[in-house]
Amino acid sequence: MNMKNRREMVKASAAFMGVLGAFGLLGGNARGQRLGTSTISTSTDTLKLIVEEAMVTKDMGAVLTKYERRITPQQKEALSKLTAQDLNALVSIKEKLAAFDVNMGANVGSIIY
Amino acid sequence: MTLQEIMELRYSFYKTALFFMTRHCPLQCRHCAVEAGPDFQETVPINQAAMWLRNIEEAQAVDLIAISGGEPFAKPAVLREILRGARECGFATVVNTSGFWATSIDRARQVLRSMPPISALEISADQFHEEWISTERIRHAAIAALEQGTAVIIGTADYHGSYKESISAVLGDSLLQQVEFLENDVQAVGRALRNYLVPCESHDALPIGGCRALCAPVIRYDGNVLACCQNEIVYQEDHPLWLGNLNRERFQDMYERANSDYLIQALRTIGPEGIVAIAREHHWGWKPTKYRKDDICDLCRDILASPQLLQSFEAFAGRDQAFQQEIAVCRFLKYGEAVPWEACGTEGNRTSLS
Chain P
1 MNMKNRREMV KASAAFMGVL GAFGLLGGNA RGQRLGTSTI STSTDTLKLI
51 VEEAMVTKDM GAVLTKYERR ITPQQKEALS KLTAQDLNAL VSIKEKLAAF
101 DVNMGANVGS IIY
Chain Z
1001 MTLQEIMELR YSFYKTALFF MTRHCPLQCR HCAVEAGPDF QETVPINQAA
1051 MWLRNIEEAQ AVDLIAISGG EPFAKPAVLR EILRGARECG FATVVNTSGF
1101 WATSIDRARQ VLRSMPPISA LEISADQFHE EWISTERIRH AAIAALEQGT
1151 AVIIGTADYH GSYKESISAV LGDSLLQQVE FLENDVQAVG RALRNYLVPC
1201 ESHDALPIGG CRALCAPVIR YDGNVLACCQ NEIVYQEDHP LWLGNLNRER
1251 FQDMYERANS DYLIQALRTI GPEGIVAIAR EHHWGWKPTK YRKDDICDLC
1301 RDILASPQLL QSFEAFAGRD QAFQQEIAVC RFLKYGEAVP WEACGTEGNR
1351 TSLS
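For the record, the sequence lines run as chains P and Z. Take the first sequence: its position 37, counting from 1, is numbered 37 in the numbering used here, and each next residue is one higher. Take the second sequence: its position 153, counting from 1, is numbered 1153 in the numbering used here, and each next residue is one higher.
With the rest of the complex left out, here is chain P:
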């Protein structure tokens, strides 16, 4: 990854921290809790839905309107701060992470190793 991309990634990550915080997915709220607890799962699922859709449409405003009833005003505010550039950088990060798992199809992998 070149330095320009890395800077964008770092910037997008910093912007996204506010979002994770607003959804209770950072620090105190998440620490020591089973990741599968309903609160954490619901927050994660909602955020994944919104971010996945915004990464495709690049129109966070429209996505927030669609999911407004499922999130708090604070969560909406944090998400609305993500710029199109941030979303593009998140797409790049996600693609890079997915590229790492090229051989990991549904029937490929190992239970034990």
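To be clear, the hints were calculated from the coordinates, so they are not data collected in a lab. Just to be clear, a hint being listed does not mean it is correct.
Claimed, not checked - Residues from chain P shown here face chain Z by an in silico Cβ test under 7 Å; the list is partial:
hint, residue
1, S13
2, F16
3, L25
4, L49
5, Q85
6, V91
7, L97
8, S110
9, Y113
Yeah, the Cβ is synthetic: ideal placement off N, Cα and C, and Gly gets one too.
Given chain P, put chain Z in place with the hints provided.
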């Protein structure tokens, strides 16, 4: 329990614990990653298995216990105790076996009926196991397991078309519709490495990728808990991926340590190559050599063998907000996970590159 459900648990952080209950195995396969065999007797002490499982249950993280060895069915009394303990704790169970015990369908029924219910049986079947046991036994084990409501997964290393043809012929159409296949590579470790069953040429290109295997901790027959599944390498108590011992401490503490450990989380997300990139960027003086193609374990072992590099990384990771933020975002995007560290607040914090 379907293969998809198992794999979802396998690749969610600490939803699965891998229980290597014995190193004993009646077979001695050429590719065995843990070099199990008939001469090894190391096994979980039978009176400790249930205690360890209760310890794991108290953390309320794990949902599935994947039992392997060696050969779990070679120590039936211990396996029975583990399955009983797992059932009491509410864990689903997968048992990994060669099916050596299924000498006939009746014998297979008898063996499985003597055990508490098993959610899924993963039968290892490939050209290496075939050198020791007949494919017929896989059929016997599959039939008996399905009769008892146990899901059957055929796990195959280095899966080739010719082997699939031969095992498909033995299983028959009806069984083939009821079992699932899981394809996995021969691991470049243990006998597979010593017997040159994996490509050994080294390359300049660094293997890239985050380690998904680190999603599940390994419980060894001696109570040691390791973050890495290559448990015959990571067995020393001073190894950076050694988490603790179930006889001496709570699994909850080990879980929380692993969950907040920057090294483990970096290896899961940006991978060992990401750590090399950080080392280069900050001029720590550590230089990679050559590694087997696409083998992130090869690079990871090299990194973990350098105390100086690990010391630099630990100091960096603890203070660098940009790094912590990247890992938090990568964990969310890759695994849908929350992170336990405050991760340096919100936007506008210092970053190493801005």
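* Give me the numbers of the hints this structure contradicts, sorted from smallest to largest. => 4, 5, 6
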